[in-house]
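Enquirer: Given chain B, work out where chain X should sit, using these hints.
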Amino acid sequence: MTGACGLWAYAITEHGGGDALTEHGGGDLSRLTGVAGGTVRTVAAGGFTVLVSDVDLAEFGEAALRRNLENLTWLEEVARAHHHVIDAASGLFPLLPTRLATVYSSHAAMTAALARRAEELRATLRRVGGRVEWGVKAYAAPQPDTRDSEQPAGGQAGGETAPGAGLAYLKRRRAQLTARERSQHAALAGARAVHKELSGRAAQARLHPPQSAQLSGNQMPMLLNTAYLLDASASDGFASAVAAAATAHPELRLELTGPWPPYSFAGED
Amino acid sequence: MDSLPARVPDERIALVDLLDRLLADGVMVTGEITLSVADVDLVTISLRALLASVSSLDKSYSGAEPATR
Numbered sequence: 002m003t004g005a006c007g008l009w010a011y012a013i014t015e016h017g018g019g020d021a022l023t024e025h026g027g028g029d030l031s032r033l034t035g036v037a038g039g040t041v042r043t044v045a046a047g048g049f050t051v052l053v054s055d056v057d058l059a060e061f062g063e064a065a066l067r068r069n070l071e072n073l074t075w076l077e078e079v080a081r082a083h084h085h086v087i088d089a090a091s092g093l094f095p096l097l098p099t100r101l102a103t104v105y106s107s108h109a110a111m112t113a114a115l116a117r118r119a120e121e122l123r124a125t126l127r128r129v130g131g132r133v134e135w136g137v138k139a140y141a142a143p144q145p146d147t148r149d150s151e152q153p154a155g156g157q158a159g160g161e162t163a164p165g166a167g168l169a170y171l172k173r174r175r176a177q178l179t180a181r182e183r184s185q186h187a188a189l190a191g192a193r194a195v196h197k198e199l200s201g202r203a204a205q206a207r208l209h210p211p212q213s214a215q216l217s218g219n220q221m222p223m224l225l226n227t228a229y230l231l232d233a234s235a236s237d238g239f240a241s242a243v244a245a246a247a248t249a250h251p252e253l254r255l256e257l258t259g260p261w262p263p264y265s266f267a268g269e270d
Numbered sequence: 007m008d009s010l011p012a013r014v015p016d017e018r019i020a021l022v023d024l025l026d027r028l029l030a031d032g033v034m035v036t037g038e039i040t041l042s043v044a045d046v047d048l049v050t051i052s053l054r055a056l057l058a059s060v061s062s063l064d065k066s067y068s069g070a071e072p073a074t075r
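Protein sequences appear in the order of chains B and X. Numbering follows the numbering used here, with no gaps: position 134 of the first sequence is 135. Numbering follows the numbering used here, with no gaps: position 32 of the second sequence is 38.
Worth double-checking, as some hints may not be accurate.
Pairwise CB distance ranges, derived in the manner of DEER restraints [unchecked claim]:
#1 B:R68 to X:R18: 23 to 33 Å
#2 X:R18 to B:R173: 22 to 32 Å
#3 B:T34 to X:R18: 15 to 25 Å
#4 B:W75 to X:R18: 44 to 54 Å
#5 B:L168 to X:R18: 48 to 58 Å
#6 B:R32 to X:R18: 14 to 24 Å
#7 X:R18 to B:P210: 18 to 28 Å
#8 X:R18 to B:L171: 46 to 56 Å
#9 B:D237 to X:R18: 13 to 23 Å
#10 B:A169 to X:R18: 45 to 55 Å
#11 X:R18 to B:G48: 18 to 28 Å
These are calculated hints, taken from the structure and not from any lab test. The beta carbon of each residue, even a glycine, is placed where N, CA and C say it ideally should be.
Next up, chain B with everything else stripped away, as it sits in the complex (with noise of 0.2 Å):
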């Protein structure tokens, strides 16, 4: 390393965690290997064990951070290494992932940071650690009705507009409009009762706003993005739950992702 080191965080535990992870699962988090490449520790910080490694401030410091993010590979490298190691570990003992780019400067800075939150994070531990999080994503279904609405049946033959024509193009085109909205309704309706029915299994749900086409890579409109928090447990009994709902709802499209270390739930809100 060339410059200055500062500690990139990949998650809190409680006090001995580490340790825990040292017992039981042998030498998986040394050979953990992290954001730039850097070998994962545990460090104790604020009365927490922190998964950490050193990263360099001159790539990880607050103006690097701001130029390398508006770079995709560079984020995509970082946000792969950063679940890669909160992922391998959240399997082994309880955690709260931190958010991306949670770089502090010294261990004195990190542990201020955590004691100053100390009480607030042991109940968030509590409540989230050793959870999983399964993601549901809904689309409204494509409607066949609607495909040739842009074309005028029969007409525009010859040129030569037959009296009513231009009426009869209007009343079809609006009842295909009113059944597009029908549909859309419905799909709307459709992802309500769905996330009413799977926020019913789960400890804790929370929603993320709706992916663009652009990004999802799907010309279906999407009309939920949510995160559900579940004992690892429940999980079969959860994705058994989504199949169904897809079956009973075909005016949607539902995508389950997952299980996810419970990153949707380790925030304050």
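Expert: Same frame as chain B, now just chain X:
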């Protein structure tokens, strides 16, 4: 540990799903010496980066893309 479900391999996770979680969520333990970038900034930055990359993909593929709507 008891039966944890099998994890999805890292490389099969969509970047956009990962960033949904890593940038907007996760515990924020900031102090005045912390170098964390503010949440709003992070989301904006990442979306801008993602959209930029998607639109450059679009450009290179636009000829082959089927007409929609």
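Enquirer: None of the hints should be skipped; say for each whether it holds.
Expert: How the hints compare with the structure:
The hinted window of 23 to 33 Å between R68 (chain B) and R18 (chain X) holds, with their beta carbons roughly 29 Å apart. The given range of 22 to 32 Å is broken by R18 (chain X) and R173 (chain B), whose C-beta atoms sit roughly 45 Å from each other. At about 19 Å, the beta-carbon gap between T34 (chain B) and R18 (chain X) stays in the expected band of 15 to 25 Å. In this structure, W75 (chain B) and R18 (chain X) break the distance hint of 44 to 54 Å, their C-beta atoms being roughly 21 Å apart.
Taking the beta carbon of each, L168 (chain B) and R18 (chain X) are about 54 Å apart, inside 48 to 58 Å as hinted. Separation of R32 (chain B) from R18 (chain X) is about 22 Å and conforms to the stated range, judged on CB atoms against 14 to 24 Å. For the hinted restraint 18 to 28 Å between R18 (chain X) and P210 (chain B), the CB-CB distance of approximately 23 Å keeps it satisfied. Checked against the hint of 46 to 56 Å, the pair R18 (chain X) and L171 (chain B) passes, with Cβ atoms roughly 49 Å apart.
In this structure, D237 (chain B) and R18 (chain X) meet the distance hint of 13 to 23 Å, their C-beta atoms being roughly 20 Å apart. Remark: the range hint 45 to 55 Å for A169 (chain B) to R18 (chain X) is upheld by a beta-carbon distance near 51 Å. Judged by the Cβ atoms, the range 18 to 28 Å given for R18 (chain X) and G48 (chain B) is violated: they are separated by roughly 37 Å.
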